[in-house]
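Protein sequence lines correspond, in order, to chains W and U. Residue numbers for the first sequence, in the numbering used here: 1 to 362. Residue numbers for the second sequence, in the numbering used here: 1 to 263.
You may find that some hints are simply not true.
Stated by the list, open to error - Footprint (simulated), chain U over chain W, 3 or more residues, beta carbon under 8 Å:
1) 15 to 22
2) 94 to 106
3) 247 to 257
4) 307 to 318
Unchecked claim - Examples of chain U residues toward chain W, derived with CB under 7 Å:
5) 63
6) 111
7) 127
8) 145
9) 148
10) 179
11) 182
12) 221
By construction, these hints were calculated from the structure, which means they are not laboratory data. Quick reminder that beta carbons are idealized off the backbone N, C-alpha and C, glycines included.
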Amino acid sequence: MPRAVNAVDFWRGFALVSIFINHIPGVFYERFTHRNLSLSDSAELFVFLAGWSLRHVVGRPEDPAPTHNLIYRLSGRALTLYAAHMTIVMLAIAMLAAAARILENPLILEWNNAAAVFNDPVDTHIGLVLLSHQLGYFDILPLYVVLMLVAPLIAIIHRQAPNWLVPVSLAIYLSALVFQITIPTWPTEGQWFFNPLCWQLVFVLGFTASRERGPGGWVRANISRIRLVALPIVILGTLMVWFRWWPDATRVPEPKLLFIAGKTFVTPLRLIQFLALIAVFSALYPLIVKALPRLVDFLSMLGRNSLQVFCTASVLSLAGQILRFYFRGGFVVDTILVGTGIILLGLAAWLSEWRDRTQKAS
Amino acid sequence: MRRVGTIAAAIAIVVTVLASPALTQQQSGPVLAPVPKACEAPGAQVIADSPLPNVAIALKDRKKINILAIGATSASLRGPVSGGYFAVVERYLEAAFKGLDVQVVHRGVSGELAADAAERIKTEAGLANADLVLWQLGTSDALAQVPVADFFVAVTDTVTWLKDHKIDVILVGLRYTRSMAQDLHYQAIRTAIKEIAKKEHVLRISRYEAEEVLEGLRREQGVPMSEAEITDASYVCMAEYLARAIAAGLFAKEPKSPLPKDK
Chain W
1 MPRAVNAVDF
11 WRGFALVSIF
21 INHIPGVFYE
31 RFTHRNLSLS
41 DSAELFVFLA
51 GWSLRHVVGR
61 PEDPAPTHNL
71 IYRLSGRALT
81 LYAAHMTIVM
91 LAIAMLAAAA
101 RILENPLILE
111 WNNAAAVFND
121 PVDTHIGLVL
131 LSHQLGYFDI
141 LPLYVVLMLV
151 APLIAIIHRQ
161 APNWLVPVSL
171 AIYLSALVFQ
181 ITIPTWPTEG
191 QWFFNPLCWQ
201 LVFVLGFTAS
211 RERGPGGWVR
221 ANISRIRLVA
231 LPIVILGTLM
241 VWFRWWPDAT
251 RVPEPKLLFI
261 AGKTFVTPLR
271 LIQFLALIAV
281 FSALYPLIVK
291 ALPRLVDFLS
301 MLGRNSLQVF
311 CTASVLSLAG
321 QILRFYFRGG
331 FVVDTILVGT
341 GIILLGLAAW
351 LSEWRDRTQK
361 AS
Chain U
1 MRRVGTIAAA
11 IAIVVTVLAS
21 PALTQQQSGP
31 VLAPVPKACE
41 APGAQVIADS
51 PLPNVAIALK
61 DRKKINILAI
71 GATSASLRGP
81 VSGGYFAVVE
91 RYLEAAFKGL
101 DVQVVHRGVS
111 GELAADAAER
121 IKTEAGLANA
131 DLVLWQLGTS
141 DALAQVPVAD
151 FFVAVTDTVT
161 WLKDHKIDVI
171 LVGLRYTRSM
181 AQDLHYQAIR
191 TAIKEIAKKE
201 HVLRISRYEA
211 EEVLEGLRRE
221 QGVPMSEAEI
231 TDASYVCMAE
241 YLARAIAAGL
251 FAKEPKSPLP
261 KDK
């Protein structure tokens, strides 16, 4: 039996659908995803909830999983994520190549940072395997792989010195911001779109918030008061996005990343707004369950099977890009693409659970 | 070799045609090195439509130019270009201006629409303390069927913002491919880039016209060339021309009147 419907799976399913839509640039429904009214977007939610899920592996404080078991399971998870990433990247490259051939359009070969794959295949294939070359919109899983590789360390620090976990994570985050430390890409020059040195804090905060003791316990005990503080922050964030009140990066003082809104470094502005957003919106879940139970069932099913759904969404969003180009977009095409895509995401999740059920039954 | 020469000649011709009134190299400026053999064509000179006043100030005051390379395929590699497209620009400028330090920061996000890039450009320009933004744009918007009006507004706003913040900008436009030659939306995006460059008095580097002429020459001469060969030659020569355009732009004067019509 799949686990019962819950808020974490529901919001993760919500993030997956948002990511699928946002990864079809120009699609009509893109304007309805929450990033249009929020400084942060689904990426923060996805990584935060990935950190939250770490608690299932780490175990309860009174019944902790053995350390060697923890390392084995998390390393295995990182390997699974890596294999999934490589599979969808190869699929994406083949899709771009096939589309370029069928449509006789070499521009498609340059789409989504794929140009180097076709023009400099020797170095770029090494880069793909090392994760130093990432296709556009296929750059979250490499971050997730890195986070999962350091997850045993996170769990061990949490176990041995729980009060040190957030300060250490925060120190790494602030160092990356102050000194603008990035992870370079190769063979094309650039930087990782999701800087792991900064995004690890989102992951750690998700893990910490999931724990009954420590900061997580404090948040639970004070959630009503936190929401009172969070609501104005969410409103201010919405106003900033709506009226484009972005801090001017040429005029803010050094270190500039502390004062601007940027996704690569998940800067404090984005992070604070995101934390406020989840504090406020977590209050809505019980209401959504009552009002829209079928939607909650569906999104929770997606969330329970997040890796399969994420991989399917990545491939489908690229297919959506190609099909939009071929059919020239428009409301009807976009509706069919997004509608069919979401149904297929549901099918991927259902098949995954059906397979698990069948295996258990046999 | 003959093919490379043909390609180079075609690009050079197009660039000459595109160039608005020939910039007379000022006496104080350096003697610009000729284009490499592969891109050489008699009588051809790459000239900036517009000056790059902020780059000129950086050169004078700091002997250092910070260039932010941004947009769809800004960092894509091409075989013959060692170190990538913008390495050519960096090497050329440092050779042309003795003691000049050119820093090119690559922040290309392939597949990104102009509207999405707009805020990122402002952030990255601030972080890099950019004097010049090389913005490769249009392809993703054209393929994603972004309405031309939306594209026009997004790009114009960003260019205006950059100018207001004393940052020069060069727009690197769309590529030519046979399959898109009759595509109305693609052509409309191309026209929009041209109009923005003209309206805002910023330099535009267009690969489209170069590759289009190449295609014509290929047909005329019956020289078989693949799309990949045309693209390679275009990237190599455009990098060379871009470097010279920046160098020339450093010594150009502000236009007193609107620029003449683009041909």
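We went through each hint and held it up to the structure:
1. 15 to 22: Per the Cβ count (0), the hint is violated.
2. 94 to 106: holds (count 4)
3. 247 to 257: holds (count 7)
4. 307 to 318: Result for this restraint: violated, n = 0.
5. 63: With a closest approach of 21 Å, the residue 63 of chain U hint is violated.
6. 111: 4 Å, holds
7. 127: With a closest approach of 6 Å, the residue 127 of chain U hint holds.
8. 145: 4 Å, holds
9. 148: With a minimum Cβ separation of about 12 Å from chain W (threshold 7 Å), the hint on residue 148 of chain U is violated.
10. 179: 4 Å, holds
11. 182: Status violated, d = 12 Å.
12. 221: With a minimum Cβ separation of about 21 Å from chain W (threshold 7 Å), the hint on residue 221 of chain U is violated.
Violated hints for the displayed structure, listed by number in ascending order: 1, 4, 5, 9, 11 and 12.
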